[in-house]
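Chemist: So you can see what is in the structure, the chains are spelled out below.
Protein chains: 4
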Amino acid sequence: MAGVKIEVLDFGTPDYEVIIGQGNFTIKTIEDLYDAVYSSIPGAKFGAAMNEAKPKVVRVTGTDEELKKIAADIALKIGAGHVFVVVMRGAFPIHVLNAIKSIPTVACVYLATSNPFQVIVAETDLGRSVIGVVDGTPADHVESEEEKKERKELVRKFGYFGD
Amino acid sequence: MAGVKIEVLDFGTPDYEVIIGQGNFTIKTIEDLYDAVYSSIPGAKFGAAMNEAKPKVVRVTGTDEELKKIAADIALKIGAGHVFVVVMRGAFPIHVLNAIKSIPTVACVYLATSNPFQVIVAETDLGRSVIGVVDGTPADHVESEEEKKERKELVRKFGYFGD
Amino acid sequence: MAGVKIEVLDFGTPDYEVIIGQGNFTIKTIEDLYDAVYSSIPGAKFGAAMNEAKPKVVRVTGTDEELKKIAADIALKIGAGHVFVVVMRGAFPIHVLNAIKSIPTVACVYLATSNPFQVIVAETDLGRSVIGVVDGTPADHVESEEEKKERKELVRKFGYFGD
Amino acid sequence: MAGVKIEVLDFGTPDYEVIIGQGNFTIKTIEDLYDAVYSSIPGAKFGAAMNEAKPKVVRVTGTDEELKKIAADIALKIGAGHVFVVVMRGAFPIHVLNAIKSIPTVACVYLATSNPFQVIVAETDLGRSVIGVVDGTPADHVESEEEKKERKELVRKFGYFGD
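Going down the list, the protein sequences come from chains A, B, C and D.
For the first sequence, this note's numbering assigns the number 163 to the last residue and increments by one with no breaks.
For the second sequence, this note's numbering assigns the number 163 to the last residue and increments by one with no breaks.
For the third sequence, this note's numbering assigns the number 163 to the last residue and increments by one with no breaks.
For the fourth sequence, this note's numbering assigns the number 163 to the last residue and increments by one with no breaks.
Derived from the structure by calculation, the hints contain no laboratory data.
Each hint should be verified, as a subset may be incorrect.
[Claimed, not checked] Covered by chain C, per the in silico footprint, the following chain B stretches (three or more residues, Cβ under 8 Å):
(1) 32-39
(2) 45-57
(3) 88-98
(4) 137-147
From the three backbone atoms N, C-alpha and C, an ideal C-beta is built for every residue, glycine too.
My request is simple: use the sequences and hints to build the entire structure.
Modeler: Here it is, written out as structure tokens:
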């Protein structure tokens, strides 16, 4: 295991929604991320950041200075090449995730949550790699009939599946 | 490497097809997983389960009690937040994978197979993370011209690429 | 950590574009990868390879013998079941990534780059698993206003976002 | 032209955004239309309606009574089988059109506009058919360099393509 250092980055309990993924062609993708969120959510408040390897820099865009700073800080802390971060308030991943997944330079999305989260990073002689994400605390039992009923009521209370 | 425990979960050779991925908004996604499979496969026999972090519970749905139990057991054993599991019989991942990938709350799919499989999980102080999947035994050589010919005949024998 | 060996595979600085992902149903997917690239890029020069677990073999296709060999060598070196590799010259991931992501047997894409890259593999008693990729060297600062301006000019110089 | 009566339905200048398309399986699609809009736009105000042939009925859903009535009236006036209508305020077609197009039972979208619009309907002995839509008044010249410049400034003034 020489040459690999595993690090757990703890981001605590976010007061924002966060999406973390991997892509390429940073200078175009950063603008496409902006468009994906802005075109999906009327009046979106968000920040987006993406790491570039050459030059070594975090690209940043968005509509809200605080969220731009949060996204940039997460991207910089992760440090892995071609990783991107989107942070939002007043909207949920459901509103933008398909738009982000369909950007032609996006490879995959690791995480979309507002749970407390951690990113597990491996560091080699070349650079850094996201090898896993922790998205909230573990489930410890299978739902009961009562819990299933409450769950179905709750998602309908949020307005999903129509009247 | 303090703070990270790596565990290999061995699920043996499945007598079902299995899809494992990561998403969010469990109470809606569990119903969307049901719809994605049910709308894609006539008479689908399947179970789907997804972990929720708050409350800590495994959500379960499907059309077949045995497969619902298998899906729930896999999700519970993995334990990572926002992970989902779909198990099916009488159909293959090709029939549902695009429908699942396009659910707006699905972030990524780690695995879709009926090979013997293992899930590699990292455990931190916060929770658990899928960091890798082992999907069958390793390839050990590049196909020969004869093997390529057999492979092309086989996929056509299954009916793909027309007559 | 008994039973897990972590290995870093170093592929140096590629003189090609490379895409690495995970799928299933290798005998069909290898032909779909061919079609996804060939239908997306006029005159595409590429090689594609994908690991099969049973029989243990690397499937290979493409339009260019050298690139077919490179793709097969990467797939064989990674060794993980159901992993695929596409290598190209004269085109970029943006030209094929959505076509590849929408193949119904493709689960996820780990990497799309021409940066120096490494693949981090875990080996268990069953087989091998891609647990991470290193895509170039880490970013070390957030872009300045001047760097943002240069970035926007550059992507437009490449012809994106119209005249 | 015996047996075909062509009719032009004039809907004036709408004070809403309207999307008109063709689908099938009305009893599921009407809920999927609800979900497509509701999942795409936080706090969406909209109505959706869809014609069913057997029984002969206009299905209606939405979050706003006035917009539900407008959508239903348009669908009823068009009268063609399996046609659907979505009307919204506070959001634009860009926010929902991909979600609507990707509903597996949606065949096509004829119109998405807030221009004055007309729907051209053919009536046969069997029923009615949308054969065309008029979306605003005709263009009468090609844009000048000055108009191109203004167009590019305007889309950026709306916030697209980043800061």
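Chemist: Of the hints stated earlier, which fail here?
Modeler: Hints 1, 2 contradicted; others consistent.
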